[in-house]
Structure formats: structure tokens, C-alpha cells
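So the sequences go chain by chain: C and G.
Take the first sequence: its position 280, counted from the start at 1, is 280 in full-length UniProt numbering, and no numbers get skipped.
Take the second sequence: its position 247, counted from the start at 1, is 247 in full-length UniProt numbering, and no numbers get skipped.
Source of the hints: derived by calculation from the structure; they are not laboratory data.
Treat the hints loosely; a few may be bogus.
Where chains are identical, the list cannot tell them apart; a pair therefore holds if satisfied intra-copy or between any two copies.
Below 30 angstroms or equal to it, Euclidean Cα-Cα: the simulated DSS-like pairs (lysine-lysine) are [said to hold, decoys possible]:
#1 K119 - K181
#2 K124 - K161
#3 K227 - K350
#4 K350 - K161
#5 K350 - K143
#6 K181 - K143
#7 K350 - K181
#8 K124 - K227
#9 K119 - K350
#10 K161 - K128
#11 K227 - K181
#12 K227 - K143
In this text, all values refer to a predicted model and were calculated from it rather than measured experimentally.
Here is what each chain is made of, one letter per residue.
There are 2 protein chains.
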Amino acid sequence: MRTPSVRPFLTTRGLVPENQESPVHYIIPETTEPRFHFRRNHFAYPSLSPLSYWLQVEGHVENPLWFSLQDLLALPAVTVPALLECAGNKRGLFEPVVYGEQWEKGAISQGYWTGVPLKTLLEKAVVKEGAAEVVTIGMDRGKRPGTEGSVSFARSLPLEKATHEDTIIAYAYNDRSIPFKMGYPLRLIVPGWYAMASVKWLRQIRVSEESFTGPYQTEDYVCYPDKDSDEGAFPVTEIKLDSSILQPMQRAILPSGSHTIHGIAWSSTGVIARIYVSTDGGTSWSEAELDPEQVGYHWTRWSMEWLDVQPGNYTILSKAVDASGAAQPETAFWNRNGYGYNAVDRVEVKVEE
Amino acid sequence: MRTPSVRPFLTTRGLVPENQESPVHYIIPETTEPRFHFRRNHFAYPSLSPLSYWLQVEGHVENPLWFSLQDLLALPAVTVPALLECAGNKRGLFEPVVYGEQWEKGAISQGYWTGVPLKTLLEKAVVKEGAAEVVTIGMDRGKRPGTEGSVSFARSLPLEKATHEDTIIAYAYNDRSIPFKMGYPLRLIVPGWYAMASVKWLRQIRVSEESFTGPYQTEDYVCYPDKDSDEGAFPVTEIKLDSSILQPMQRAILPSGSHTIHGIAWSSTGVIARIYVSTDGGTSWSEAELDPEQVGYHWTRWSMEWLDVQPGNYTILSKAVDASGAAQPETAFWNRNGYGYNAVDRVEVKVEE
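So here's chain C without its partners, still in its complex pose (with noise of 0.2 angstroms):
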């Protein structure tokens, strides 16, 4: 007798370079496995040789430094569980619709990255009165529409979120090398900001007293709230209060009788202090339950049973309430290229005999 694997897989959004979406809706881990992870690119992967590898601390600062990966080993280390979700997550939800990758719900995953703090780096490189941000280089290159020749991809942050403790460089993802496609061999981890902070095959950090340029620091992951102007831009930063519903999934036929309601919710700071649940779009809500137990910036599992279902059309609301009593809501800023969309979640069944 033959038993057949059953598994969902990541689903394609664009292979030039790779963009595939993590399988969320059928995964029950608390950590996403590699081979699940969410891929976000905007080149080719780049050619590692890890032996020569050296990550340089430079400009704004006392003491230029190279560290080895041995250096960074040697250096005291932590684990941050992080959850990492695109800033575009949900993009094809945008009404009116926006252009890029067409995101679903999947644009997010998570895990316990191990590290060394950023803050260490800097202190050990002595940043110089006056600095303002650190910019943080990945090996990953390319060209670029809209941008003369060929350019990294490379982000900022301001000082602050630099030296934040939770902010490091990490060389481990549960507890093993981060895999290649996920940033070997090592990866800077912004937890509670949208991932295009989290840059990737890190090869170079330099403190600033200006403010960086890069396309993708004022060009890309910046919400422009008018279709046609730059008028009000502002860029992406923390991640949004959200939820999703993972099951049922969306259009579904359900036969009548109880189900379970259940999806995950998440905010920059990881904490979540309630979620409501409509199954009739929004006229009775009732408190689902959430996991007590709250991890980090780990998303949070939440779950309600659904009673006794008679045959009909439904739909299932989530809206996830944070610790300052903030709620999700009703509807998400539109932006021209589809960022941050965090609305109350819907799903619409079919209950059938």
C-alpha cells in the first residue's frame, strides 16, 4: 500500500527574480520551515564566497571595522523571535487595484533568528556625534527601471532603530545557518518593521549624518496616498496592526453543522490584545480566543467555533484590537503601490445541506 504526501507548497508570483508566497493558510507550526518561507527579491541571488566573507562597519564612526563571521560567533548573541511580512502582504486586496506582485495572505512568515545586536557592532565602530542613520548594504545587485546602471539593494534606519536591542545581525534562523535564500550568512533583522528593512546577505553597515537616497529607501516602500502626484508621501516603516483568516478559506462550500474559525494576528510590537469575529458581515461581532501564549513578535493564533451553521452565504470578519485599543480598520489606506494593507479581514463561504 502506497501512502501518498500531501503538502501545500509556496505559491509563484514572478521566478525573474524569485517572489513566491508562503503557504500560510495550511501551516500549524509555530515557525515557518525554510522550504515555507516567504521570497521576496528584487535581483538574481547574488554569487556568495563565503570564505573571503568579511562584514565591513564603516563611515560616521571612530573605528572602521571588518569582522569575520568567527568575530561575530565570538561576540554575545540573542534570539529574537521575528515575524517578517512584506510590506506589500495583501496587495491584491487593494480596491482600486494596484500594480507588482499580486500578494495574498502569504507575504509573511516567521521564526527565531539568532544574532549578534547591531547596537554591539556600533559601539565596538564608536559612532561619531552627529550621525543620524545606519545603512545596511546586501551582496544583492542589479539593475533597476528607473535607475542608472546597476545598483545593491540597501536600506536605512534611523539611529534609534538601530541600536535598538531587538535589532541585530543574525547568522541563525531555528537555530541552524540562516538558509541561503532566506540571507546566508547573515541577515540584519528589524523585528516590527516591514521586512524591506530586514536586508539580506549583509555585506556592508555605514553610519550616516544624512539621510540615504537609495531607490528602495525613497523610490520603492514609500506610500504615495495620490494616484498621480507624490503629494503626501511618507515612507514604510512599522509594521500595521493585522489579522487573517486562515480557515475557512475564501469562496469556500462548507456542509452545514460546526466549524472552527481560525487564523493568526500580528502588530509591530507582537502584542495583541483581542480579536472579534463576525459571521454576518459585520452586524454581531463576538471575541474569538487567542492564544494566551504570545511570543515576541511571533504572530498570535486565535480560533472560534462556529456553531450549528445553516445552509447560506456568510461572511467572516476578523479585526484584531492591540494593547492600546487600537483596532484594524474597516477599510486600508490605499497607496499607489499597494502597501501596508492591513483591513479587517473577509472571507465569504457557502453553507450548503
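We have chain C already, so just place chain G on it with the hints.
Using the frame of chain C, we list chain G on its own:
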């Protein structure tokens, strides 16, 4: 130096039972590799014991027979290039929305199927006068909402289609044993009909004087044009004329300049006469280049060079015309369960500087 492989995956629509979509946008070869073949199941996979495998032919025949795999391999074989398309392919595009697996463009795959014409077996069994249908029964079985007890996946064909020379009991796909998930060891292949007719894990063939009334014949795979009543219902049979734009992808952002638009077109006979493509939402149309070699029931590739494209938003449409001169409709024929979507295909893209 590492060279990471970048490959597409099936898109998961459900795991219990397994329903996964082919990554058609990224597949170039004429035939679909088994790992990229779409999977559509009504039940968990059956447990097989191939050593004791017999295919039974019975019912309204003079000589009920049991065929072993060896018996079938000893009979004259034919190879048929056949496309399989789920009747629910593109269901997610219907408006108003319909419920069930939200297939996009990938519930379609193709390859070379080898086996024995069903007609050969029916001739050996000697069909009696008065026979009307041939019922084919798979080994997959389970509970179905709305049906008492458990039920096998079973379908019937009118005698005329069952005895068509291209309707075969296949034992090979692309010159190898049929992969388990695709119906090993024997699968009925009914070219030109939607794939519910191509019963997997075939175990029994029953000739009948009466119309078969199994739930997958008379409840599912029936077009209900009315949203509330069963008025005007008719069965799903032949594949409809259709085309898909495979690249660019829906809501892609493209650089200005020249691009190739490419896709596939198919029909119940495999013959495509012409493809028209519009890049201005249907105001003007150009004839695309069709692959001159049209193979059996396989889809035909087409492409069009889109030259010197300036920044702006564009709606690309594709419309296939078959040998009779019939064209794809502007709007798909709406039906409650969402079968046979075949409207002119539509992709919206944004071209930037």
C-alpha cells in the same frame, strides 16, 4: 559559488482532498511534467495493491471480462496527445462570484497518454443491443455532503463517445507509467471533454441501458444557469474554446520598451484557427502568431511582439477563433457552480518609465 535553483511550484487550493494548480505561467515545454500537473480530487487518495489489480468490464455485455495489466499491455496501443482541463478552471474569474475551489488559469495540463482504446475492450466484451452509456468507476471513494453513506468517483459517457477511437484506457503518461497521483495504474482519458470524465485509478467499466445517476454525473458537473433553482440545468461535457495570456502576468509593472505577449489557446478538438490580441482593452485587435504545429488535443502556443510601449496603464485581451469561425465570448456563461469559464482573457498591466 552557489547557484540556487529557482523553480515554480503547484499553487495549493486545498489539501484535504488535494487540489493544486499547475504553474502554467512558467512552463515552457509542450508537455507538463508530473510534478507540475494540476491535481483535482474529490477524496483522499485510494490505497492500491497493484499486484491484485484487475479491470472489470461488465453490465449490458455478452462476455463480462476481467483484464489484468498484462492483458492490456498485450493489446494494440495508441498514443494520444491530450490536454486535461478541470471544468472549474478559471472559476475565480466569474462575476458574480461563485463558490468552490478558486482556480485561476492553471487547472490545465497536457501530455502524451498511451493505452488501449476503450472500444477494444467493449468489442471483446460484446456490447448488447440497447446499451446507451458506459459507466467508469475509480478506486477513489469517500463521503460526499448531500449523499448518504460513501460513494465512488464514477462518471458515464454516451456509447458514441466511449467508442471514439481517441477515448483510451491509459497506462502511460509521457512514455512512463502514470504517476500515482495522476491515476496509476489505469486512467480513462477522454480527449476533448473536461477532465472529470477522465476517471483516475480506474477499477470498473459498466455498460448500461440507462442513464447513470451518480452524484458526480447529475449533481456536480452540471451547469445551473439560475442562482436559486435547477431550471435549465445541463451537463458539463466538451471543453470550450479558450485562451490564456500567460505573460505578462495580471497587474504586472513593466518597463517601457518592447515586450512579448504570449499564451496558449485550446478547444475540444485541439484546432485553433486564429488568435487576436488587443493591448487597448478591445478597441483594436491584431492577429498574433500561432505555433503552426498543432499537436492532437494539445493547446497551441501563440505570441505577439508588443513594440515600443510607452508608460501608462494597458488592458491586454486575447481571443481565440476555432476552425468553424466561432470566437471566445466577451463574457463567460455564468452558472452557479462555476464551470466552463472561457471569456476573452484579460490582463491589466502598468508600464513605467
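Structure-based check of all given hints:
Taking the shortest Cα distances, K119 and K181 sit within 30 angstroms of each other inside one copy (25 angstroms), while across copies they are farther apart (53 angstroms). Within a single copy, K124 and K161 get their C-alpha atoms as close as 17 angstroms, which meets the 30 angstroms cut-off; across copies the closest is 79 angstroms, which misses it. Proximity of K227 to K350 under the C-alpha cut-off of 30 angstroms is restricted to the inter-copy arrangement: shortest distance 13 angstroms between copies versus 36 angstroms within a copy. In the homo-oligomer, the alpha carbons of K350 and K161 never lie at most 30 angstroms apart, since the shortest distance is 46 angstroms inside one protomer and 35 angstroms across protomers.
Taking CA atoms no more than 30 angstroms apart as the test, K350 paired with K143 passes between copies only; the shortest distance there is 19 angstroms, against 47 angstroms inside one copy. Proximity of K181 to K143 under the C-alpha cut-off of 30 angstroms is restricted to the intra-copy arrangement: shortest distance 20 angstroms within a copy versus 42 angstroms between copies. For the homomeric pair K350 and K181, the shortest alpha-carbon distance between copies (28 angstroms) is at most 30 angstroms, but the shortest distance inside one copy (39 angstroms) is not. In the homo-oligomer, the alpha carbons of K124 and K227 never lie at most 30 angstroms apart, since the shortest distance is 45 angstroms inside one protomer and 70 angstroms across protomers.
When the C-alpha separation of K119 and K350 is checked against a cutoff of 30 angstroms, the pair qualifies neither within a copy, at 52 angstroms, nor between copies, at 41 angstroms. With identical chains, the CA atoms of K161 and K128 are at most 30 angstroms apart within one copy only, with a shortest distance of 17 angstroms there and 83 angstroms across copies. In this assembly of identical chains, the alpha carbons of K227 and K181 never lie at most 30 angstroms apart, being 34 angstroms within a copy and 47 angstroms across copies at closest. Within a single copy, K227 and K143 get their C-alpha atoms as close as 25 angstroms, which meets the 30 angstroms cut-off; across copies the closest is 51 angstroms, which misses it.
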